[in-house]
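Undergrad: Model the full assembly from the supplied sequences, consistent with the hints where possible.
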Amino acid sequence: MVVQQGDHVVIHFKNTHDQPHTLYLHGIDRLSQEMDGLTEVLPGQETTYEFVATEAGTFGYHCHFQTYLHADMGMYGAIVVEPRNSKEKLWTNEHAMILDEWDSRQNPTAPVHKSEPNYFLVNGKSFPLIPDIAIPDGQTDLMRIANFGEEVHSLHMHGNSFLILDKDGFSLSEPVQQDTLLIGPGERVDVLVKGRDGDFPFHDHIVKDVTNNDLYPGGIHVMIKGGPALSAAGTPVQNIGEHAHSHGAGAEAAKAPTEKYADDSPAHNHIYDHLPEGSPIKVVNIVNFGFDQKELHVKAGTKVAWVNRDVVGHSVTAGLPGGDPKARAFDSSNEAKGTPTMIAQGEAWTYTFTKKGTFEYYCLPHTNMVAKIVVE
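Mapping the sequence shown onto the working numbering, position 343 (from 1) lands on 343, and the numbers just tick up by one.
It should be emphasised that the hints constitute simulated quantities derived from the structure, not laboratory data.
Please note that a few of the clues may not be correct.
To be verified - Lysine-lysine pairs mimicking DSS-like chemistry, simulated, CA-CA at most 25 Å apart:
| hint | residue 1 | residue 2 |
| --- | --- | --- |
| 1 | Lys-294 | Lys-372 |
| 2 | Lys-303 | Lys-372 |
| 3 | Lys-326 | Lys-303 |
| 4 | Lys-355 | Lys-372 |
| 5 | Lys-125 | Lys-225 |
TA: Structure below.
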């Protein structure tokens, strides 16, 4: 919700749900008691909330009936009060980041609500589904950061710093420059960021909060997209690879090994390193954190074997990051059955494609590794 400073704001609230709800205007002070959002609105009922936006800044709203459950189910949002005088705006664009946590295993209908978060969110999404934030080189933008979750978060910006202007809707008498922001539940902080060359992460430095169901990277991790990358000497960088934690397709896959692995090599696989010439089995090597065939065309009925040449474990997981594990066409990790398992160094995993179509896949813990199989 965006309003102007000085506006008389009227909110018509109708409860179409099957549970009581309220609307608490978080951070808007000088409200009358009846506007404080503690009187429940029963299913089918409606009411009106109103306030005068006396102060510019970042505020919020959330349900205050069984708050522990209802706010956790996503019943919250931001209220932005723009300054009355546009000349007070020292920025070009604004970007909102609402932080939260999510337990994907919880049952909202259970009589006791016990949340143990395994996903960590920005505007309701976890990395890599969080959209990038573009701040062009030399441009100054405002980031409105609000924590409507239940945990403290520590946001750190790579390659840059920011200037803290406001906290909880109040302007600081002296802005503070930092590169890490500790923000507790209910707090809102407005920061100015000046864009620079290159793309850099802005992420939670509480490391478990940059995971998705205990897999890294994920969670509260946003890419700040600036201008073209420059080298340390200040010259343009040619053909720079995408950041390993970038949103999207990720780095180019490595090329296939130019020679066979020795039989005593940990990466050697006795079956798929010695396939007879003309074998109907197609092999994709996993090497240097990439799939050596970004797009493989096969006929229906073909068996494809993925051989892990890396020292760390990988997976072959259908779809795009963030998808429902139970809806995947194939998944070497078997995440849908519980704790995921990885393909170890030298091991292989196979899948026979019986249906025509295009099948995108990636590595579960290394989401920059992506490729596709086209079945004709």
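Undergrad: Where does the structure disagree with the numbered hints, that is, which hint numbers, in rising order?
TA: No hint contradicted; all consistent.
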